[in-house]
Every structure is written in C-alpha cells, then in structure tokens.
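Just so you know, the protein sequences line up as chains R and E, in that order.
Here my numbering is used: the first residue of the first sequence is 1, the next is one more, and so on.
Here my numbering is used: the first residue of the second sequence is 1, the next is one more, and so on.
Incorrect hints may have been included.
[As the list claims (entries may be wrong)] Simulated restraints, written as ranges between beta carbons of each label pair:
{"id": "1", "chain 1": "E", "residue 1": "S130", "chain 2": "R", "residue 2": "D221", "range": "23 to 31 Å"}
{"id": "2", "chain 1": "E", "residue 1": "I157", "chain 2": "R", "residue 2": "V191", "range": "48 to 56 Å"}
{"id": "3", "chain 1": "R", "residue 1": "A60", "chain 2": "E", "residue 2": "L124", "range": "54 to 62 Å"}
{"id": "4", "chain 1": "E", "residue 1": "I2", "chain 2": "R", "residue 2": "D141", "range": "46 to 54 Å"}
{"id": "5", "chain 1": "R", "residue 1": "P31", "chain 2": "E", "residue 2": "I2", "range": "34 to 42 Å"}
{"id": "6", "chain 1": "E", "residue 1": "W127", "chain 2": "R", "residue 2": "R215", "range": "27 to 35 Å"}
{"id": "7", "chain 1": "E", "residue 1": "R11", "chain 2": "R", "residue 2": "S39", "range": "38 to 46 Å"}
{"id": "8", "chain 1": "R", "residue 1": "L79", "chain 2": "E", "residue 2": "M27", "range": "52 to 60 Å"}
{"id": "9", "chain 1": "R", "residue 1": "D118", "chain 2": "E", "residue 2": "H55", "range": "38 to 46 Å"}
[Unchecked claim] Stretch by stretch, here's where chain R covers chain E in the computed footprint (C-beta under 8 Å, at least three residues):
{"id": "10", "stretch": "31-43"}
{"id": "11", "stretch": "72-79"}
{"id": "12", "stretch": "115-127"}
{"id": "13", "stretch": "136-143"}
Read the hints as simulated data drawn from the structure, not as lab findings.
For each residue, glycine too, the CB sits at the ideal point set by N, CA and C.
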Amino acid sequence: MLIDFRFKALDPIRNNVNWVLRPLEYIMMAPRNVIEASSDYFTTRGTLDQENRAMKARQAELSLLATQSEYLQVENQNLRQLMDLQKQVSFKTLPVEILFNPPNPISQRVVINRGTDDGLKLGNPIANDDGILGQVVRIYDHSAEVSLLEDRDFAVPVQVARNGLRAAVFGAGRGNPLELRYLPVASDLEVGDVLLTSGIDGVYPPGFAVAIITRIERNADKNSSNVFCEPVAPVNRYRQALAFLYDPKWEAKASTSSNKTGAPVNNAPGRRQTRARGMQ
Amino acid sequence: MIDFQSGYILRPVNPVFIYFSLFCALMLNLLPIGNYGWVPDWLILCIVFWNIHQHRYVGVVWAFLFGLLMDVHNSDLLGLHAFSYSLVAYIAISWHRRITALAVFTQAFHLLPIFLLVSLFPVLVHWMLSGEFYWWALTGAIQASIEAMLWPLATRILLAPQRRPTDVDHNRPI
Numbered sequence: 001m002l003i004d005f006r007f008k009a010l011d012p013i014r015n016n017v018n019w020v021l022r023p024l025e026y027i028m029m030a031p032r033n034v035i036e037a038s039s040d041y042f043t044t045r046g047t048l049d050q051e052n053r054a055m056k057a058r059q060a061e062l063s064l065l066a067t068q069s070e071y072l073q074v075e076n077q078n079l080r081q082l083m084d085l086q087k088q089v090s091f092k093t094l095p096v097e098i099l100f101n102p103p104n105p106i107s108q109r110v111v112i113n114r115g116t117d118d119g120l121k122l123g124n125p126i127a128n129d130d131g132i133l134g135q136v137v138r139i140y141d142h143s144a145e146v147s148l149l150e151d152r153d154f155a156v157p158v159q160v161a162r163n164g165l166r167a168a169v170f171g172a173g174r175g176n177p178l179e180l181r182y183l184p185v186a187s188d189l190e191v192g193d194v195l196l197t198s199g200i201d202g203v204y205p206p207g208f209a210v211a212i213i214t215r216i217e218r219n220a221d222k223n224s225s226n227v228f229c230e231p232v233a234p235v236n237r238y239r240q241a242l243a244f245l246y247d248p249k250w251e252a253k254a255s256t257s258s259n260k261t262g263a264p265v266n267n268a269p270g271r272r273q274t275r276a277r278g279m280q
Numbered sequence: 001m002i003d004f005q006s007g008y009i010l011r012p013v014n015p016v017f018i019y020f021s022l023f024c025a026l027m028l029n030l031l032p033i034g035n036y037g038w039v040p041d042w043l044i045l046c047i048v049f050w051n052i053h054q055h056r057y058v059g060v061v062w063a064f065l066f067g068l069l070m071d072v073h074n075s076d077l078l079g080l081h082a083f084s085y086s087l088v089a090y091i092a093i094s095w096h097r098r099i100t101a102l103a104v105f106t107q108a109f110h111l112l113p114i115f116l117l118v119s120l121f122p123v124l125v126h127w128m129l130s131g132e133f134y135w136w137a138l139t140g141a142i143q144a145s146i147e148a149m150l151w152p153l154a155t156r157i158l159l160a161p162q163r164r165p166t167d168v169d170h171n172r173p174i
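With the rest of the complex left out, here is chain E (with noise of 0.2 Å):
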C-alpha cells in the first residue's frame, strides 16, 4: 500500500499487531476515569483507522463486536454501541479511497463526521425511545473533536511498523 503522505510503498501490515491494538485500545477504554464527556473513545478511533488503512482485517463485523463490548461495559442498551460502530465502519470503509489520499489534518476533518456520529448516536436514540433530549449529553461533541484530533497521532504511531526501511543499513544510517 502507498503512503501518500511519503510516497513511499509501506510494508505488508502484520495481522497481531492489528489485534493487538485493538485490544489496548480497548483496555484504554476500560480505565476507570470515571463518567466524563469528553475522555476519547480510543476503541472507535482505532477501529475506523484499521477500517481505512486495512479493511480486509477489520471490518464492520470486528466493530459490531467490540460494540457489544462497550455496551455492556457503558451499561448502555444493549445494540447502541454495536449499532453505531458496525455503522460508522461501513461509511469509514466506503470512504477509505478517498480518505488516505488526503493530508494527514484533512482526514481529520473528514473524519470529524463519523465521530461526531458515533458520539451522539446514544443520545439520538434515546430522544427516539424515551421522547426526551438530553442536552447535557452533548458533550460528546467534544469527544469526538479530541478524537478527530489525536487521528494525527493514531496515524503516526499505528503505521509506524509499516514505516520501518525494508533494508537497514547500520553502517550508513542515512
């Protein structure tokens, strides 16, 4: 696959070390920071960037898993994560040409949509079934804003083993 922001050809994804990120990104998502708005959902952040870069690893059945994950683990209804998550894959999976030929801040932007979604889903639906609208619970807006943000750093450090030089040369570094 291209790296557009090098242009160079990255090397073959490793499949662990996929899982493996989605698994401490999940465990970042089970700390115990208590019930604030604005703490990133690191679990969606790092399902959409696999979504985009390797969609043939994880795709919309791995993000309705995970979903029901967090569903139990936020008490929520049961469905509402997986719902959003396995959605927001779809649309990040059908984005994914257009989305990694872009600058690294302007997918941000592009990307600032789908966790604007993901975050507000919850209180959509309960405006659906309760007939109530939550106001304070927009706050995930801010979530998913610092999210959007740190897509820079997710970038940087999850295509990091791609970057890595196929031949290193020790004795000229450069």
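Isolated chain R (complex conformation) (with noise of 0.2 Å):
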C-alpha cells in the first residue's frame, strides 16, 4: 500500500489485473444497460417528436454560432500574433462512454472505456456539453480512471466570468458544495457568478464552465471568504463526455522561438486549425 501510494510503482500490476476484470465488469454492466436500452426503446412517439425539434432549434443556432465563432477565432489568433502573444492552443476531442462508478468511500472516481491505446493521456480533462466533468487521474490500455469535480481536494484553476478574478476550486468530497479557497474577504465575488477555467496550469483548455457561485460566507474577522459553488455539468447524470487531447506545449512553443530568432512570422493561425474549437 506504501508503494502504491508513494511511488504508484505498482500500475503494471494494475493493468494486468484490469485485463482479468474488465470483461467481467462487462458482463455485469449487460443488465443494466438492457434496462435502460429497452426504456428508451419505448420512449413515445410524442416524446421523440418534442425532442427532435427542441434538437433542430438548437443545431441552427450553434451552427450559426459555430461559423462566427471560427471567424472570431482566426481573428483572435491573428491579433494575438501581432501583439506578440502566446497562440491559443487548438485541442482534439474525444467522445467516452463512463462505465460505471467504483464503489470508494473515500474518492469520487467514474471509469471511462478510453485509455492510453485510443490516444489518451494521464491529465486530461473530461467534460460534457454543459462543462468540465473531472480529470483523468489513473490509466491502462482501454480505459482510465477519471477524479470527478467533488472529489475530495480535487482542484481546478478558475477564472470568475464576470471579472476575471482568479482562483481555485477545491472538491469536497461526494454531495458537498465545491469551494472556492484562499480568497479575501474584499474580493468581487457575487452569487450566480460562472467560474470559467483559466487555463493557466497547462491542464484545461481555457474558457469552459465549471461552476457557479452559489453561496458566500464572508468572515471578516479572519479577512477570509468561504465561497461554495456548484459544478455547471452535472457531474453524476450523464453516461457520455468527451476527453480533450490538450497539450499547451504543442504550439506555444514555436510562436515564442520563432520571436526570438527573428524570423518572419507566418500568419497560420495554428497547426491544425481546421474547424472551431469543440466542433472537431
């Protein structure tokens, strides 16, 4: 246990004993994943209609949001090259199925079907449409083990929308309120705040919800704040996310020794800026 914990020495042995269970974890999964298949198997005519047209409401306008943003994207990239700063880094994304929950008093873990064989990688965020879900914290070669938003002392960099104040969300563990830690009493903070991330740990692509504020406690007496908010995604609901391939090393890099060597700047706006980001 010791060694596990110190040097995480003992993964090998991990993924050798997954190859054993994974299948068998399979097999459990079939009942449930009957029930549920047969339930929307009879879902109503009526229902599926309501859906389907809220559906066709929605895609138009992400549509049209998705060609002016790509627009507004190559104009931002544009302008950041030509006040010499960082590019913004273009990620893929990959869609995963959550397998199941493990049942751990202590963490908040859901296991995905992805692993290092499919691309993925120890770090990266998983979110779903509605923002950051958690991290993977634990990997093998078809599936991975990712740390949800309320698990304990799980943290992620935050910027507050609104303002752009700074600061990090804690987890609290299971069916507590996250928390927003180390900030002072005078800080600009107000209820129904949307906590984007900031981007600046290299781990989270910048600009996707986590959470919103829900209540503050402002002590004055010890110049601190407890702030509790609530993750936007709705962390134990949904089977399917995606994981974003993100590495801030892949083009930061480049922009800044190409500055420095003095060479002609090429206007791409990045390596494989294809579509905007989150369409891929």
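Now that you have both chains on their own, put them together as the hints suggest.
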C-alpha cells in the first residue's frame, strides 16, 4: 500500500489485473444496459417528436454560432500574433463513455472506456456539453479512471467570468458543494457568478464553465471568505462525455522560438486549425 | 461436519460449489450500482462464510487474491482490500470453532466486528497515510451491519446443498 501511495509503482500489476477483471465488469454491466436500452426503446413518439424539434432549433442556433466563432477565433489568433502574445492552443476531442462508478468511500471517480491505446493521456480533462467533469487520474490500456470535480481536494484553477478574478475551485467530497478557497474578504464575488477554467495550469483548456457560485459567507475576522459553488455539468448523471486531448506545449513554444530568432512570423493561425474548437 | 443448528451431520461439501459461490459473489460486487456506502460487500460475506465453515478450501491466500481484484475494481490503493481481506480471513479462521457452535443470530453479532474492520479499514489507512479523516466514509458501518444482517441468509443459502437428506424416499416424503 505504501509503495502504491508513494511511488505509483504498481500500475503495471493493476493493468494486468484489469485485463482479467474488465470482461467480468462488462458482463455485469449488461443487465443495466438492457434495462436502459428497453426504456429508451419504449419512449413514445410524442417525446421523440418534441425532442427532435428542440434539437433542430438548437442545431440551427449552434451552427450559426459556430461559423461566427471560427471567424472570431481566426481573428483572435491573428491579433494575438500581432501583439506577440502566445497563441491559443487548439485541441482535439475524443468521445468517451462512462462505464461505472467504482464503490469507494474515499474518492469520487468514474471509469471510462478509453485508454492509452486511444491516445488518452494522464491528466486529460473530461467534459460534457455543459462544462468540465473531471480529469484522468489513472490510465490503463483500454480504460481510464477519472476523478470528478466533487472528489475531495480535487482542484481546478478558474477565473470568474464577470471580472477575470483568478482562483481555484476545490472539491469537498460527494454531495458537498465545491469550495473556492484562499480568497480575501474584499474579493469581488457575487452569487451567480460563473467560474471558467483559466488555463494557467496547462491542464484545462481556458474558457470552459466549471461551476456557479451559490453561497458566500464573508468572515471579516479572519479576512477570508467561504465561497460555495455548484458544478455546471451534471457530474453524476450522464453516460457520455468528451475527453480533451490538450497539450499546451504543442504550439506555444514554436511561436516564442520563432520570435526570438527574428524570423518572419507566418500568418497561419495554428498548426491544425481546421474548425472551431469543440466542433471536431 | 456437524450442523449445530439442527444437530445433524452435514453432507460433505462440494468444492465446485464453494468456488462457484465465490465467483457469484465477485460478480455481484462488480454490479454497477454506484458509489453508495451501504451496498453490502457480497464477496467478504462469502469469503468469511467459507473461512468459518470450510477453512481448508478457502483460506488467507484466496482472500488475498480476491482482495487484489477488489482493489483494482474500486480503484483503491493496491493492497488495501488485499490486506484487510486476508487479515479478516485469518481472524475468521482462528474463530471458526467458537463461531460454528453458536446460534445463527449470535454468529451474526460475533461477526459484526469483522465486517466493521473490513468496511472501515480504507478510512483508517487513508487517515494514516494522508493525515485526514474522512468522516463521510464512516457510513461503511452501515454496510457492515447490513452484511451482518445478511449472515443468516448466507448461512441458509450456502449450507443448503449440504443439508440435503442423504437418502430420499420419494414415496414417503416425511
């Protein structure tokens, strides 16, 4: 136990045990999947129709936004280049399915069905369409374990969307609200503020919603404030999610080195900048 | 072996049934129920049962191997369940003579500390390693008491094949 805790040296053993265990887990997931599939099958035509209409409206809205955001992104990259700022890094996404929630009283994790063989790396963030869900903390060949936002002491660097104030959101265990720690009393926070990832850690891509502030307790004696927030994404609800294959070192270095040598800066907005981010 | 509840001598155990029941318990543990503190750990119930009734077939080694599997499944530290299962298996084997002589419900009370040890062991280990105590995880005590309450049921199911009568007269059922 101590070896595993301190050195993480036993992961190969874990991987091999997983080869035995995973087929059994898949078998035991079958009854649940059958029940869910049958309840899906028997949804009425009315609900489907309604859903379809809502989806169409949403799609029209999003495609409009997407064309615009592509334009804005190219413009943003060009402006950043003009001002000698680092380029925003583009990233790919990988659809993942959440397999199950291992029964563990101490941590809040889920197991997903992608691993190193699918290009996933340790530390990749996982999100769904609403916001960040968590981060890959242990990886196998064909599956990975994801720590959820609610996991105790799980930290995400964030920025308040309204005024750009930087902070860090910490998980506080299952069912407890997330906490925004280490902030002075006088910090400009309000209930309802949206917290976005700030991207300064190089793990999470910037600009994704993480949480919304629900309660603030200002404590003038200790010059600290207890700020509680609620995750934006439904952390324990859906089965599908996206993994961001995000590595800020891909392109940021190239731009700085070309600036140092004084070479003419080419105007390409990014290496694999084909579509707006999140659309790939 | 004597069944102390009825006073009859039990039929010899079938090793295939032992390993089949352990496998079933493992599969029940792998059910994707979710992360709830009260869901009973079927595997430890089964392991402790066979430790007490047939400790020559299921001993500390089996408990260790199953514990390793549960560590990987639960994404715990590797060795956490392996250690607690084998510790509990040792305790159960050393108590097995005393426990089998008791009535079933008294047995359940005597086994409650064993199940409590298994349920609360992860909390204690994390307390020792990280210095933080997870109060929320103490709901494991509920799990342990549910397991103890399931003990009479386990006895009934797992001893049923051995309680079959040896000579069945179909013409005179009684």
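We went through each hint and held it up to the structure:
no., hint, result
1, S130/E <-> D221/R: 23 to 31 Å, "holds (29 Å)"
2, I157/E <-> V191/R: 48 to 56 Å, "holds (54 Å)"
3, A60/R <-> L124/E: 54 to 62 Å, "holds (57 Å)"
4, I2/E <-> D141/R: 46 to 54 Å, "holds (51 Å)"
5, P31/R <-> I2/E: 34 to 42 Å, "holds (39 Å)"
6, W127/E <-> R215/R: 27 to 35 Å, "holds (29 Å)"
7, R11/E <-> S39/R: 38 to 46 Å, "holds (45 Å)"
8, L79/R <-> M27/E: 52 to 60 Å, "holds (58 Å)"
9, D118/R <-> H55/E: 38 to 46 Å, "holds (45 Å)"
10, 31-43, "holds (count 8)"
11, 72-79, "holds (count 8)"
12, 115-127, "holds (count 4)"
13, 136-143, "holds (count 4)"
In summary, the structure agrees with every hint in the numbered list given earlier.
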